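Visitor: Here the protein sequences line up with chains W and U, keeping their order. Every letter in the first sequence is one number past the one before it in my numbering, and letter 45, counting from 1, is 45. Count along the second sequence from 1, then add 109; that gives the number in my numbering.
For the record, the hints were derived by calculation from the structure and aren't laboratory data. Misleading hints may appear alongside valid ones.
Stated by the list, open to error - When the alpha-carbon atoms are kept at most 20 Å apart in a straight line, the in silico DMTMM-like pairs for lysine to aspartate or glutamate are as follows:
| id | chain 1 | residue 1 | chain 2 | residue 2 |
| --- | --- | --- | --- | --- |
| 1 | W | Lys39 | U | Asp192 |
| 2 | W | Lys68 | U | Glu165 |
| 3 | W | Lys77 | U | Glu157 |
| 4 | W | Lys36 | U | Glu165 |
| 5 | W | Lys77 | U | Glu165 |
| 6 | W | Lys13 | U | Asp192 |
| 7 | U | Lys163 | W | Glu64 |
| 8 | W | Lys58 | U | Glu165 |
| 9 | W | Lys58 | U | Glu151 |
| 10 | W | Lys37 | U | Glu166 |
| 11 | W | Lys68 | U | Asp154 |
| 12 | W | Lys36 | U | Glu186 |
| 13 | U | Lys182 | W | Glu42 |
| 14 | W | Lys13 | U | Glu186 |
| 15 | W | Lys13 | U | Glu185 |
| 16 | W | Lys36 | U | Glu157 |
| 17 | W | Lys37 | U | Glu185 |
| 18 | W | Lys36 | U | Glu166 |
| 19 | W | Lys39 | U | Glu185 |
| 20 | W | Lys39 | U | Glu186 |
| 21 | W | Lys36 | U | Glu185 |
| 22 | W | Lys71 | U | Asp191 |
| 23 | U | Lys675 | U | Asp665 |
| 24 | U | Lys163 | W | Glu60 |
| 25 | W | Lys13 | U | Asp191 |
Being a predicted model, the structure only gives us computed values, none of them experimental.
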Amino acid sequence: MKDTNEQNSQLRKGLLEMAVMLVIKQGSVYASDILKKLKDSELLVVEGTLYPLLSRLKNENNLEYEWKESKNGPPRKYYHLTQQGIDKLSKLMETWSNLNKSIISLSKK
Amino acid sequence: MKKTISVNLNRQIFYLDIDAYDKLEEYINSIKKYFKDQNSLEVIDDIEARIAEKFEEMIGKSKKAIQIYDVEKIIEEMGSIDDITEKDEEAETKIEAEKVKKKLFRDSETKIIAGVSSGLSWYFGIKSIFIRLIFIVFFLNPATFWLATILYFTAWLIVPEAKSNWEKLAMKGRPATVNELQTEVEEKTSKIISGVELKTRNIIQKLFGCFFKIIKFCWVWFWRISGFFALIFTILTMMAIVVGMIFVYLYPNMPYFDFSFLRAINSPWLEIAYVALGLIILTPFVFFIDLVDSLMKLKWCVSVKKIIILLIIWTSSLIVFCGTAKINYSKYKDSLNNSIQHLKYLNYIDESNSEIIKTGEVSEIYISSVKEVKIIEGNENEIKIIGSKYSIKELGQNYQNGKITINGKSEKWFSCQDCSGYTSTVRIEIKTKNIKNLKLDNDIDAWYFPNGNNINIEVGKRVGLKIEGTLNQAFVKVGQNSVVNMLDTKITEVDTDLYNGVIKTQAKKIKITGNENSTLIYQGLPEIISDQNDKTNKEKYILSEDYDKIEKAIMDTLINVDGTKKKIKDFEWTKEFEKQSDYGFYNIFTAVRSIENNKVYIVWLIEKNGIISQKTFTKIDNWEEVHYLNLVNDKFLRINGQVYGPDLKEETKEFYIDKTKGILQIKPETNLEIE
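All chains should be modelled from the sequences, with the hints used to inform the complete structure.
Guide: Shown next, in the form of structure tokens:
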């Protein structure tokens, strides 16, 4: 049981990066927006995981952020993908669709 | 009822219950600890911002305090640090071990004085009573009292007090987990201290508190006052250095402080080197002022930045100074050597070095600012200059048409017109046939051995001129505080002009003009011609006829040689000094040296207006170091440039000359004892 959990989480973590980039690609978003969407898709177990991931993507120049004033409370960081991030995402998507095809074709046999 | 703590999270204020706060602090600390190591502080900010957002959602606009289950809920949503990061088992155990590591804190909860003992007891895991017993034993033993006091106070100052729950857990060596924090809080509340124990503790604490407050007060003020004086001292030293350097720069060739060799370096190198040297000396003082400041505040307040700046200034000044020194060294080397030579022979004449100038016949001599002059009339024509190379070099000399001019270097003390500084330390020996004019400027000791001619003599201030030989006729002009002694000269006629001076002569005919402070001392029965303007004291001088009595007076002087009081004649003296006396130029003066020790005693009689008013005595401990000795104005003894002698007292008249009888009498009959 624990093993399956572990596997699930490993798989999720691998896909998480792609998922986050997909969310950000849709337009300038801030952390809470991302969290909401990811939670809906049940990819994220705990919220804290997101932040190191964002930080890493930023350090790899896949995304950028800018500070924007919010109506109430302090300014927020709004993230968007860089050109490099967009390229990386499209590559990832390609790999993913290929993988998806092969897995599905395998499961049909 | 619960205490709340206000927290600033992502620039927003929230109110948290104390337990909620502890929990949140633990959570955020665990995150901080991890991401600080990872060097991504951004993540911490992001997470804090998210927590703030969640708090905001929870409380809305109300001022509701956040409770522990709110925090627990948030942590669950955010995930623990292990959930956030993908840590393996190994790392986890490592963190766990670190948490358990004990730290030394002072325990304020069970303290008696400052909680040092209870803190130590936690650290070593011994009951605090044992540590206290050890301390008490140390305190009671006088030998170790100070050690214990110093140790205790140092521990008090260095070891921090355990204030937060985190620190309390670290002190006890428990892992800082939520459960532990919980138990810690429970322990605190459930701790029962009996009333009596509490009271005694309070009294002891108050007593000690009062005592230590006084000690602390004294301690702080002791350093403040010491620091204040050190500050003043430092600033004064800096000012003295600056003033001294400016002084040396503006007046480089002061007598005894001769820095004129610096002038061998050309501008602007000299100025650059000078400023650099100043900075090299002064920068450490600037640092020292900061140290003193720290001392006064009992707090280290020298910033590293400042130290670095000072170090940079110091090092670059050193480099600049060494650089200029290196470039200019060859230029100033000779100058420096000369200067050292010059300082060495500042007070006496270097007999080992001399220079001879051959001249034609000399009839006029003009000399100024040299130490000694000797003029001998004979058949040779020659000028010999004795003194160090440097001293000879600084002379200006000129020989033309039978006229010799020699100018020494004369230095006066700064801002003192009439003080004698130093004059060139040379002796000029002139051998020639027939001099017609002799002019000596200030501060010269001169001897003249004439050979029966006519001469014009003019002397300046503080000159001693002794003439021995034969002269036909002399015109003598004597300046302030100068003495011209012609008692050993056979002369027919002296025509003299005195201004605060003294002339001694045994001429047959004396023409005289002078002011009130001048004295004519004569021997025999001359014809004295003086005009209406003349106000000179005229004294008959007959001491030379009483040599035997004078010598007796000296030989009967009681002196104390190494505790033995005897008359001078009863001591045994070394051969070289036996009866070494001079009754002429040196007036009445005897130098003796005892066989037993190395000290030389100089005894002389002081005569004023024909009366010997005082017998005086000088002990010289290091005769070997005496290079130059003479009597100034027949009154003071000048040894190596230093003047010895008593103040003249009019009322002491142990010796006097009976003018009517023409004999020397000594009153009282008993001898004057000199220690």
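Visitor: Each hint needs a verdict: does it hold in this structure or not?
Guide: Hints, one by one, checked against the model:
The suggested pairing of Lys39(W) with Asp192(U) holds, with an alpha-carbon distance near 16 Å, which does not exceed 20 Å. This hinted pair checks out: Lys68(W) and Glu165(U) have alpha carbons roughly 18 Å apart, not beyond 20 Å. Restraint check for Lys77(W) and Glu157(U): the C-alpha separation of about 13 Å stays at or below 20 Å, so the hint holds. For the suggested pair Lys36(W) and Glu165(U), the alpha carbons sit about 16 Å apart, so the restraint of at most 20 Å is met.
Between Lys77(W) and Glu165(U) the alpha-carbon distance is near 17 Å, which keeps this suggested pair within the 20 Å criterion. Among the hinted pairs, Lys13(W) with Asp192(U) is consistent with the structure: their alpha-carbon atoms are about 11 Å apart, no more than 20 Å. Proposed proximity of Lys163(U) and Glu64(W) is contradicted: the alpha carbons are some 24 Å apart, above 20 Å. With a C-alpha separation of about 27 Å, the suggested pair Lys58(W) and Glu165(U) falls outside the 20 Å cut-off, and the hint is violated.
Straight-line distance between C-alpha atoms of Lys58(W) and Glu151(U) comes to about 11 Å, which keeps the hinted pair within the 20 Å bound. With a CA separation close to 18 Å, the supplied pair Lys37(W) and Glu166(U) stays within the 20 Å bound. For a cut-off of 20 Å, the pair hint linking Lys68(W) to Asp154(U) stands: about 16 Å separates their Cα positions. Simply put, Lys36(W) and Glu186(U) have alpha-carbon atoms about 12 Å apart, close enough for the 20 Å limit, and the pair holds.
At roughly 19 Å between alpha-carbon atoms, Lys182(U) and Glu42(W) fall within 20 Å of each other, so this suggested pair holds. Under the criterion of a C-alpha separation no larger than 20 Å, the hint pairing Lys13(W) with Glu186(U) is consistent with the structure, at around 17 Å. For the proposed pair Lys13(W) and Glu185(U), the alpha carbon gap of about 18 Å is at most 20 Å, so the pair holds. For the given pair, Lys36(W) sits about 18 Å from Glu157(U) by alpha-carbon distance, which is consistent with the 20 Å threshold.
With a C-alpha separation of about 19 Å, the suggested pairing of Lys37(W) with Glu185(U) holds against the 20 Å cut-off. Between Lys36(W) and Glu166(U), the direct Cα distance comes to roughly 14 Å. Compliance with the 20 Å bound is thereby established for this hinted pair. Annotation: proposed proximity of Lys39(W) to Glu185(U) holds, straight-line Cα distance about 14 Å (limit 20 Å). With a CA separation close to 11 Å, the supplied pair Lys39(W) and Glu186(U) stays within the 20 Å bound.
For the hint pairing Lys36(W) with Glu185(U), the CA-to-CA distance comes to about 16 Å; that is within 20 Å, so the pair holds. Proposed proximity of Lys71(W) and Asp191(U) is contradicted: the alpha carbons are some 34 Å apart, above 20 Å. In summary, the hint linking Lys675(U) to Asp665(U) is supported, as the alpha carbons are separated by about 9 Å, within the 20 Å threshold. For the hint linking Lys163(U) to Glu60(W), the alpha-carbon distance of about 29 Å lies beyond 20 Å, and the restraint is violated.
At most 20 Å may separate the alpha-carbon atoms for a hinted pair to count; Lys13(W) and Asp191(U) meet this at roughly 14 Å.
Checked against the numbered hints given earlier, this structure breaks hints 7, 8, 22, 24; the rest are met.
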